[in-house]
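Model the full structure from these sequences, guided by the hints.
Protein sequence lines, in the order shown, are assigned to chains A and B.
Under our numbering, the letters of the first sequence match residues 1153 to 1495, in that order.
Under our numbering, the letters of the second sequence match residues 1153 to 1495, in that order.
If you are wondering where the hints come from, they were derived from the structure by calculation, not from laboratory data.
Where hints are given, some of them may not hold.
Stretches of chain A that chain B covers, calculated by requiring three or more beta carbons in the stretch to come under 8 Å of a beta carbon on chain B [claimed, not checked]:
no.	stretch
1	1275-1283
2	1331-1342
3	1361-1372
4	1428-1438
5	1442-1450
Note that beta-carbon positions come from the ideal geometry of N, C-alpha and C, so glycine has one too.
2 protein chains.
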Amino acid sequence: MLPMSRSEVEPSPPSRVTIAQVASHAGVSPTTVSHVLSGKRAVGAATRGTVLAAIRELGYRPNIVARNLRTRRSHMIAVVVPDITNPFYAVLTRGLADAVDAAGLGTYVCNTDGQHDRELKFFQDAMDRGVDGIVFASGETASQVRLAEVDQQTPIVCIGAQLDHPLCDAVIPDDETGSRAAGAFLAARGYKRIAMIQGPPHYGMTRTAGFRSAMQAAKRKVPAERMVRGDWTRKGGYTAMKALMTLTSRPDAVFCANDLMAIGALDVAHELGLSVPDDVAIVGFDDVDAATIVTPHLTTVRNPAYEAGGTAGDLLLSRMSGRYTGTGRTVVLPCPLVERGTA
Amino acid sequence: MLPMSRSEVEPSPPSRVTIAQVASHAGVSPTTVSHVLSGKRAVGAATRGTVLAAIRELGYRPNIVARNLRTRRSHMIAVVVPDITNPFYAVLTRGLADAVDAAGLGTYVCNTDGQHDRELKFFQDAMDRGVDGIVFASGETASQVRLAEVDQQTPIVCIGAQLDHPLCDAVIPDDETGSRAAGAFLAARGYKRIAMIQGPPHYGMTRTAGFRSAMQAAKRKVPAERMVRGDWTRKGGYTAMKALMTLTSRPDAVFCANDLMAIGALDVAHELGLSVPDDVAIVGFDDVDAATIVTPHLTTVRNPAYEAGGTAGDLLLSRMSGRYTGTGRTVVLPCPLVERGTA
DNA sequence: GTGCGCCGTCAAATCGTTTTGCCTCAGGAA
DNA sequence: TTCCTGAGGCAAAACGATTTGACGGCGCAC
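So, in structure tokens, the structure goes:
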């Protein structure tokens, strides 16, 4: 019928077929069609057959936007990260996507570049879009205070930090223990003058804390000149390492707060003709892909990005399904040391 | 006012305020509120003031889902890629996001792992969600045939391949020219026995074609034994290179269809104690971050991921705004050779 | 004075679902 | 027979916006 009239003129854009059309084609009411689709109420076998046939014939696909409006669920969750280009966040996002995909949830990714205003903007945007949940993996502490005020309804899980919000769960990689392990490992190997390349001020403080505690436990003094800073980048690690290597009492081991800086440090060692780990040992943090691309392969602490994303997804799901309602949970993920060639 | 009454009882979930509430609070009709928001019709200065005040007081935020339903625009575009974890696609996605962000469009990312059924599923899903556009960067040729049937309404742009669909634009990195440049470069440097590690059968054929044409132009014979295959991975490159290096007439240069395989090839060279590029030259393709992490830094062909994503976004925008309507365009992006240490 | 056009506003229809309340009918129990 | 119960179906009211058509004033030109 419809195809016939279409072939005549073909003026109308073949707009999507609605539930009403299916209903009239099957000779039932829209309600009934909806019920065979959702199974919320019983439908006679015969009617169901007719309806199903009509659906198939017309190629009906439900309009999800309309459904979302009515049910107040978007089957979409937002993940806000500094930069999807950063492998750590890419892997995290993938872990999240895999975890929620089975439940039919899509993932809306937002790049903030770590800017507070963008964080806030995307938070608002996500709420306005009616997402079913938010995974927040951007920013460490400062920005988060304001975020809590935004909404009290939709579940949020925060990665790498706690957020003061009634429905907010947290998953935090245990940086501190991991860093302590790295420090302890270097000490146990007999290195004497152990240095650290930290992150920028106010960032990655737990990694510094873990390292310090290990040094204390191992009775290693760490003079201030051996605690330098980088900006998380390879180049930043390079310059920091350069400074370290020109010290009169040159360090024989350095722990870097992330892999990229460790790779920069490695560059310096190569440039200076220093043998790693004999002349100087290097340990990183994160265990990115690149860690096994450099030579020798980087000894580092594994930051479980995929797992973090996955458990964030699980946390969200448990709240969305109503399986859990209650105060904020926090699950901490271990960061194991992985020994390779540089220490 | 509101905070006061809230602190009293706190029984009602603070459900979002609607346009109707704003209207009644301001003593006007919902229509008027909508008009001050959208500016589609003029509104008296006084009324506008009242409305704006009401909006601010009540903290009104428009429900985007409802808007989407009515306007049939979701302000969301889907990008379907094999795997966001792959840096190439991550960068591409970022380029896209940056391009469309200014227009208020969000990006919904879908990981297909290159599986046809998942490609189809996400395609459907994206349409059902009413996305305003789709960027398809997964799969090379085979899967795409079926996709065209899905929808004739929403604009699609295909990256790295053409798709037969009325509204489908294409952006294709010029693999072939890039590969030809790589081949020509090796020949010009005087390498005699040039080999290639290709992708799997039916994949990356333009790269192979470019290489072949360069060899022909340079009058280099390439016996079949020097054309081996890998599976795009580092390990695949490793085994392929191993095979190459045990040939009786050992190649003195090898062009790899992507960087990861080139890195695997480099592993073999190091393992065998071969000096690069003196004993054997290596050229990759893609210019991923890792290319400058290996030693020596990899000479490679740059695959402009960010630009590809960006122009895909522009193409989409031009159609969505109605600025362009018409048959499918294709823009090709140059893939320049970048000379570094391995050739 | 009349007609015309414009400005500002509103009521009502619309988008495509889901969900609630009600109705009918058949069958079994009392 | 009467009452009750459950199954199967429908009409209509949401959901929260946008958009269309109409209407009452007002100013201006004729």
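Hint check results:
no.: 1; hint: 1275-1283; in the structure: holds (count 6)
no.: 2; hint: 1331-1342; in the structure: violated (count 0)
no.: 3; hint: 1361-1372; in the structure: violated (count 0)
no.: 4; hint: 1428-1438; in the structure: violated (count 0)
no.: 5; hint: 1442-1450; in the structure: holds (count 4)
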